[in-house]
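Residue strings, one per chain:
2 protein chains.
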Amino acid sequence: MKKIVVIGGSAAGAKAASKARRLDEFADITIIQKSPELSMAACGYPYYIGGVFNDRRQLLCTPAGVIRDPTFFQKAKNIKALVETEVRAIDRNARQVHCRDLKNGTEQTIAYDRLVIATGAVAVKPPIPGINLAGITTLLTMADTDYLRAVRDAGEVKNAVIVGGGLIGVEVCEALQSSGIQVTLVEAMDQVLNFLDWDLAKLVENHMRSQGAQVLTGVGVSAFIGDNGRLTGVQLADGKTIDCGLAVLAVGVRPNSGLAREAGLSIGECGGITVNQYLQTSDPAIYAAGDCTEIPSRITRKPVFAPMGDLANLAGRVVGENIVVGNTVTFPGTAHTAICKVFQFTAGSTGLSEQAAEKSGLRNYTTVVNASPDKPGFMGARILISKLLVDEHQQILGYQCVGLGDVSRQIATAAMAVQAKLTLAETVHADLPYAPPFSPAIDHFITAGHIMENKLQGRMTGIRVREVWEKLQAGEKLFLLDGRNPDEYEEMHLGVGEHLIPLGTLRSRLDELPADKAAEIICFCKISLRGYEVECILRAHGYTNVKVMEGGIVAWPYPRKR
Amino acid sequence: MKKIVVIGGSAAGAKAASKARRLDEFADITIIQKSPELSMAACGYPYYIGGVFNDRRQLLCTPAGVIRDPTFFQKAKNIKALVETEVRAIDRNARQVHCRDLKNGTEQTIAYDRLVIATGAVAVKPPIPGINLAGITTLLTMADTDYLRAVRDAGEVKNAVIVGGGLIGVEVCEALQSSGIQVTLVEAMDQVLNFLDWDLAKLVENHMRSQGAQVLTGVGVSAFIGDNGRLTGVQLADGKTIDCGLAVLAVGVRPNSGLAREAGLSIGECGGITVNQYLQTSDPAIYAAGDCTEIPSRITRKPVFAPMGDLANLAGRVVGENIVVGNTVTFPGTAHTAICKVFQFTAGSTGLSEQAAEKSGLRNYTTVVNASPDKPGFMGARILISKLLVDEHQQILGYQCVGLGDVSRQIATAAMAVQAKLTLAETVHADLPYAPPFSPAIDHFITAGHIMENKLQGRMTGIRVREVWEKLQAGEKLFLLDGRNPDEYEEMHLGVGEHLIPLGTLRSRLDELPADKAAEIICFCKISLRGYEVECILRAHGYTNVKVMEGGIVAWPYPRKR
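Here the protein sequences come in this chain order: W and U. The UniProt record's numbering puts the first residue of the first sequence at 1, with every later residue one more than the last. The UniProt record's numbering puts the first residue of the second sequence at 1, with every later residue one more than the last.
Isolated chain W (complex conformation) (with noise of 0.2 Å):
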């Protein structure tokens, strides 16, 4: 009888338990787990915290609405299940883990054949004066979010800072906005969601805005005032402070591999426990999944830090298999995918950004922005704005899309063309599900793919949004051609010195464009796609120095006129 052990029962742990059960119904397994829960639904906290449900239980129960417990994993997976139960030291000559009852104190050794390290992330603290103060909380733990929802629930905190604007720091903001606290979101980079381009980001922080939230970036946290041991105020790095009650400190994660590092295993460079492709450590009868380690990327083939719950859950199967019948299964990485709501936006990315990309060496890549609808107008199309990245050899490394449409199609769509290594010409083609409540008749995917064949072909010149604020702001010459219709303007337009020339009437009005064909003139409209057919005309006109701005007036995120 072969005996397993698993150090960790959220999503890799209980995962490698469960699957190693299924294949072999005679194995001892067991489970040690320090918190008191078992299988949390970590990624749901922060809609537990916002009230989009109000049953704590549905955190942690099965579909069937059974707590996940240490009765129901004997009972359903015959699965020994120690909680609150800490491992605290790995004896791999023996084979053995000592651990340690956190209730009452008592110690115990556990054999095993085969070990799975799944012991997850920890919470940075970085060590910001007033750290300690009561009011100020990670988001980590079910003890965290039990803690935010009560502050939720009591309605006396009125302000809170969130510190750090990564995938936690949005959702939490979203949380604790939607429940009447005023937040200001704090970020010390230049933008928030780092797995977003910054001209991306910069539309999700403007929504963040419209929806009542603070989003201040490019400034850290320099102290937490207190008084009286309590929280009463955030001081920035730029002077300024901000009143409040409540911090949530979300500033990222680091893999806990503490323990497998006294048991010298071998870590990686980026902190997590090294796993070989089969998930095993350099310790061949150890495992390890989710969180602790640190996995290939698929787009780089470098090992990184990819703390998400969905690959968790998959590594953990990968483990669950490989401890029961050999190393069968291999485990590829991950492709950089990562999806987030964000109040009515939903912001979500898969390969690489050009940040990472540039991060990554990678030099010879080209990318477009791609503002069009997410299905007909007449099924209230919502706007989706996106970036396609493709490198030398047009292959597809990276796609994000932002906006109030059907981002998570999106994102699926090209997950599957980055990590199949489809070029553009494969998929400006992909026959995709079309009807009117799901798409337009060509997909926004496609249509970026569209925009960057016009480009590699030359047949259109871009320039980005930041590209042109710059140009404004530092006085240069530019013939700014907007080729929408009046009404549209009045509605909404940048009001940078523009002019108005409706694409309709740009044959007959060539006269009103400078008179040095070499001038450079910048075409755009709400969303670029007429930008670019002005363009088409204006080159065949012989104008030499002609650019679409891409994503038009709805990927500029500067002020604008109504």
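There could be a bad hint or two in this list.
Claimed, not checked - Derived contacts from chain U toward chain W, CB cut-off under 8 Å, selection only: (1) ASN78; (2) THR300; (3) PHE305; (4) PRO307; (5) GLY309; (6) LEU311; (7) LEU314; (8) GLU533.
Quick caveat, the hints were computed from the structure, so don't treat them as lab data. Built from N, CA and C at the ideal position, the CB exists for glycine as well.
Starting from the structure of chain W, add chain U where the hints point.
Just chain U now, kept in the frame of chain W:
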């Protein structure tokens, strides 16, 4: 100056002309369109008929709200659009088309260097007695749409019959039923939506019934009954009659390829114009795109008739490029992707269904049915039921999905897998966008892959609901084991003599199973996830003939208790 003539100004034709213009500002481009409208959003007709939106102009206008009439085409695109003008003949030797203005009867001849045929499809009208009675219509044109919308708005028709349960039939069924008209849909085949297999189609039909529509399958219409030239009812092949003041013929469309045939162009076995990979017909000066053509299946490589709006748009764009810059872009064909809203359900498919695989002569494929939620329970999970097909090399052949949840993302994901010719192993660890508002930690599509793996590795033996039903009808001795809890059983159960043994009690109740370890035992639960766990336990305890009823209770289309 290149002379381009496009016959047909709906999806493919308008797209080809517009793309050609962007690539050649000075070409002479003419669209000849039989109907008064141009660039109609034909896939939107059912939603206008059903009152999802009420402004007819929205079917015809740009996102900026401008009607795409001849003035628009002239001004914005410098394209001459002749509407209500019919092409009578193509003179290939002289490179001319002869056409007639249907408003005043004047005829003219227009020369071309490149001709595009985009004449679309015509509705099949079977020779049923009474078919010309007033009150019977197809749904293909704006005129049909206006008629049906007027019937809806008049509110006089109380009962309608839809003849045909394809995409259009089902969409019109929803439109009319939602408008307060009692609809009976009659389909001669034994299921609706033939892009689905029978087992999933039956679930769609049950949903349609739950929304008030009558659905009759396996019975044809033998006659339309009239009074004074007006429809009063429909007589079915089984002798029954249905009173109705409206009948919609939706028994399919065929390629409108008569003009091409008369011009001596090659026509394929599906009746569509034959085109090469550049969408060029048998005459190199003539291209064709959209519903009038037949195109290759990306799966079987055989030519098929695929009258889909998205493919027409993509093909039109390819033609627009090839007629201007020479044959540079190839069109890969269809992956058989389809999606359809059916009241609260969505039904979609990509690649081959089991029926389509059989029809194509493929035999060595494996299927699984997966029922599981589209997101976590606490986010308002809705069950999806899907069916995955892989071939003998474990390449993904096809995927269908129906249910209340997000089917669109499912089919988009699978469509990319099918088109990239990914294998099961390449999809089961796909890094898809996960956050609780969008999916469960392990995506439904990946779960289908996991079940397939279990099946192919001999860890799970599946049995279809239909097979279980047929065994029960034949009086076979089966031990049906429902592995749920008593409260779940009370809420809903099959009531076919099954034994309730909750999974959590099973290991201590093995003595309640048949003494004969070779007895046929069929395990299930609501979605057959616990059904599978039951199978694992029973097999380990020596039972040799254990099967899992795939999809569980939610995939059971037959009457059940509660």
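Cross-check of the supplied hints:
1. ASN78: holds, 6 Å
2. THR300: With Cβ-Cβ at 14 Å, over 8 Å, it is violated.
3. PHE305: Nearest chain W Cβ about 14 Å off; hint violated.
4. PRO307: violated, 12 Å
5. GLY309: At about 5 Å, which falls below the 8 Å cut-off, the nearest Cβ of chain W leaves the hint on GLY309(U) intact, so it holds.
6. LEU311: Holds: closest Cβ of chain W sits about 7 Å from LEU311(U), inside 8 Å.
7. LEU314: Given a least distance of 5 Å, the restraint on LEU314(U) holds.
8. GLU533: holds, 6 Å
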